[in-house]
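S.K.: Protein chains in written order, with the working numbering: chain A, 1 to 655; chain B, 1 to 299.
Since the hints were made in silico from the structure, they are not lab data.
Among the clues, some could well be false.
As the list claims (entries may be wrong) - Examples of chain B residues toward chain A, derived with CB under 8 Å:
{"id": "1", "residue": "Asp221"}
{"id": "2", "residue": "Asp231"}
{"id": "3", "residue": "Met241"}
{"id": "4", "residue": "Ala262"}
Values in this document were obtained by computation on a predicted structure and should not be read as measured data.
Backbone N, C-alpha and C fix where the C-beta goes; we use that ideal spot for every residue, glycine too.
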Amino acid sequence: MLFLNLSLGQFLGLFSAVAAFSVALYLLDRTRRKEVVATLRFWVVPGQPSPVTRRRKIQQPISLLLQLLGMALLLLALAEFQFGGRQSQRRDHVIVLDTSAWMGAQAPGAQVPGAAQVPNRPGATLMDLAKAGAIGWLRAVPSADRVMLIRADGLATPATAWENDHRNIIKAILESQPGATALNLSQGLNFASQIQKAAGSGVSGEIVYVGPGRLTAREANNLNLPNLPALRVIAVNDDVANAGLRSLGARRAPGKDAWDVLARIHNYGGSPRAVSVTLAFGNAPEGTRTVVIPAGGEQEASFQVNTRAAGVLDARLYPKDAFLGDNYAALEIPQMRSVHAIVYSDQPDRIRPALASDPRVIADFRPTAQFKAEAPKADTLLDTLLILDRFRPAAFPSGNVLWIDPPSGPGAGVIKERVDHPKEISWTPDQPLTTGLRVRDLQIDQASVFEPATGDMRLASIDKGAIAIASVSSDGKSHIVTLGFDPFAPALRYELATPLLLANVLRYMAPDVFRDIDVGTQSAGAVVSPVTEEQAAGKNSLQVLSEAGASLPFNVRDRQVEFFAGDASRVRVIAGNNERVYSLTLPEMWDVKWTPPATVRHGVPAWNDALRRSRDIWPFLAALGVVLLLIEWYFYGRHAAAGLQISRPKLEKAA
Amino acid sequence: MANEPLLDREFLERLERLTIHWQRSFAGLVGGHNRSRFSGGGQEFLDHRHFHQGDDLRSVNWRAFMRLDKMFLKMFQIEPRVPVRLLLDTSASMGTGERTGSSSDKFTFARRLAAALCYVGLVRLDTIQILPFSTDLREGKTSGGGRHRYRAAAQFLEGLESQGVTDFHKVVREFLNEYPQRGLVIVISDFLDEANCEKALQYLADYGNELMLLQIWAEEDRTPPWTGEVDLEEAETGGHMRIQVDEEARRRYTEAFDAFTARIKEIALRNDGKYAAIPTSLALEDAIFGTMIRTRSIA
C-alpha cells in the first residue's frame, strides 16, 4: 500500500477519529429521535410504569457498518490511495517548448500528427503548431503527474513550477511567444534534466522537446546533450522557404564622408532563391541589389551611403517569405563629427598641410593680430581646438588649446630657459599624447624648457627639464598642450614624430571625433565582438552598454568580447578609442537541423501508450464511498419507515 | 395545496348518486329521502284567517266558503327543519399522520370527507350543519337548499385549522344544550383525547340522536414505524414519553389501538348507529364508495 498524501499511521489515526465521531453521532442520533404523535395512551400498559430507558445500543449494525465503510473509502480517496510500488507513483515531466525566433515563421500545410487542437487557420505559425503538440501530449499525461514547462530559446527559462493542475501548464503554453534568439538545445535539455533530478519526490517522467530542432552552427558544434532515457521529441514540421538578412554592417569609408554598407543574406530553403535587397537612409532609397542565393548558401550585397548626418539605414528583402522577422533590418548610424581647429598663425602655410590631411579636421586660419580671447560655446567645447602658433596672447583663452613654442613672458607657460639643439629627448610613456613616440634624436633647433606647475603632465623632457607639457582644467573639460618647440619647423617637417604628435593631440582634445566607428546589425543572443590585444588587455577600459546606458555583463576570451542580448536592442561595445554599435534588431537564426538519437520517442503518445495509463483509483474509491452512503441513507435514513409495509388488503381488513 | 379545492368536480359528480342514510325517524327532519312514520310532513292546524289576494288557493277552507260565502284560509304550524349535524374534530392530534403511507394528514382527510358528505346531503336537499370542535364547540356553518350551496360550505371547511385539545365531554354537553332536537349526528374524529370519549358518545346517543361515527386514523396511529429509543411528544398536550420501541412494544401498541377502535364501534352499533374506521392511506373515493357504503352509512 502506498499513500501519497497520508502515511498509514496518519490515515489510521484520521479514520479512527472519524469512525469514533460517526459512532457517537449514530448513537446520539438514535437515542435523541423525537416523534410527534397523536396520543401516548396506547404506549402505557395499565399497571406497568412507562418504559423509559436509555440504552446505548447499536440497533442497526448494518447501517453503521455501511457508514463506516463509506467514510473509509472517502478517506482513502482523499489520501489518493494507490496500489503497487514505485512504478505506480506519479511522475514528474518536463516540457521543453522551443520559443526560438524561428518559431515565429508561418507554418506549412502539414500538421503535428496526433496533436490536439492543431491550428489550421491562416497565418498559423510554427509556435502554434508547437503549442498544439505540447497540449496534445499534456492531455495524454495522467492528471496525477506533475509537469513543468521550460521555454527554450537562447536561454532556458522555467515558465511554471511543478504543477499538478495541468490547466496552469496549458495556460503557460498558450502564453508562450517566439523570442529573438536561436535555440540552445543543450542548455534546455540539461536544465530540464537537472530540474527533474532536483525535484526529489516522485519518479522522473519524460522530458519532452516540442519544436523543429533548428540549431546554430555554434550550438551544433558544441552540442552536449545529457543522457536522457525518457526523451520524447514532438517534431514540428518547418519545411518552409525563407531567405533572410543575417547581418547589416556600416563602416566609415576611408577618406570620405560616406559609409560602406554590407548586407549578408542567407537562404534557409532547399532551392536557390533570387531576392532583392533595398537600402534606404532616412526613408530615401539608396539602392537595390538583386542576388541569387544557392540553397543553404549566403550572399553579400554592398552599398555606399554618402552622408555625414545621423540616421537610420533600412534594409528590406523582397519578395516576402514565410518568416518576416529577418526580412527587415534597421541600422542606426551616428553623425560624422569633426573638430573645428582655429589656428592663429602668421605663417599658416606651414601648418595647413598637416591639418588638411584628415577630413575630420576643419581648420580656420587667422592672423595672430585678430586673436580674441572668446570663450567657446558650451555645445562646441569638445569639438573646438585653438592652436596658438608662436605668440603669447594678452589674455589666455579658455577651451582646448595647442600652444606651439610660446615666447617667454608673464602668465601661463613659464619658460625656465631656452636651449639650442637639445639632445636626448625622452618621451613620457603611458600617456595618450605620446603614444607611438619613441624617437630620441629629434632634430630640434631650439626648445624652451618649462617650469611645470602642479598637476602639469610632462610629455617630453631633456636633461634640463620638460620641453612639452599638458594640463587639464579643474572641471576636466578643457585641455592645454604646450610644446616648447615648433613641430612644423623645416627641420621637423619630414619627421614622423610631427604628424604622430599632432594626431595624438587631436585625439586627446576631441576623442569622440576620432574614434573609429563600426556599426552593424546582428541578431540578438550571444554576440562576439573582436577587440585588439591591447584593448583586450585593458579590461578596465572595456564597456558593454545597453540602449539605456546600463552595463551588460561580458566576458573577454581570445581577443573577443562575448555578451548576451536576449531582446532586440542596440548595444555599444567601447574599447579604448574604438566604439562598436550593435543594432541587434535581427532575430538569431539557425544553421542546421538537429537529428534526435534513435532511442528517442516521437510524437504525441498513442492511446495504448504506457504514459496514458492512469494509476489513479481515488475517483473510483470516492464514487464507491458515495454509493455506500446513499445505500445507507436509502434503507436506513429517517425517511425510511422501518418495518412498515402498507398493503391495501391489510388496510381493508383494519378498516 | 392550500389553493386547491377540497374536492374536484369529477369526484363531486360521482357523489351525486349517493344519499346519507339514517335508520330512525326524526320530527322535522324533512326534505331527505328517508322514510318517515310522520304523515303529512309534520303539519299541524293552527288557525283561520281571511283570504288575501295572492294567497294559495289550495289552503282555502272551501267548506266554510260554501256555508258562509266567505273565503277563509287555513293556517298550519310547520315543524322546524332539523338538519343533519356533522361534528368535525379540529384538535391538534388531527394534524398528525402525514408521514407514513398517506398523502395528507388526518385533518385534511377529515375535511375532505366532511365536504363530500355535505355535498351528498345538499344534493338530496338535506340541510347540513357543520360544527367544528376541539376543546369547545365552535361556531358552525349551516347549508341547505341544493348543491349550489356547496361552495360556501367548502370554503368554511377550507378555512378551518387543527389546534387545541379534544374534550369530548365538554363538547357533547355544549351540543346537547344548544341543539336539543334529536337528529342524525355524524362525528368525524380520531377519537383520541386524554379523557375517555366513550361516555360522551354514549350521552349523545342517550339523548335520542342517531350516531354515525367516522374514525379517521393514520397508519402510524395504529402501527408505529419507529424502532429503538424514541422521544415521543403528544401533539395536543405536548406531553413527552421516552420509550424503547421494539417489535413487542409495537405489537402491544397495535393491540391496544384495535381494542380502543372496537369500543368506539361498539358504542355506535349498540345505539343503532353506524361506524366506519377510515385510514388516511385509503383514497377518499375508496373510503366513501367502499368502506362507508359497506357500513351503510351512505347508500
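S.K.: Against the structure shown, which of the earlier numbered hints fail to hold, in ascending order?
M.R.: Violated: hint 4 alone.
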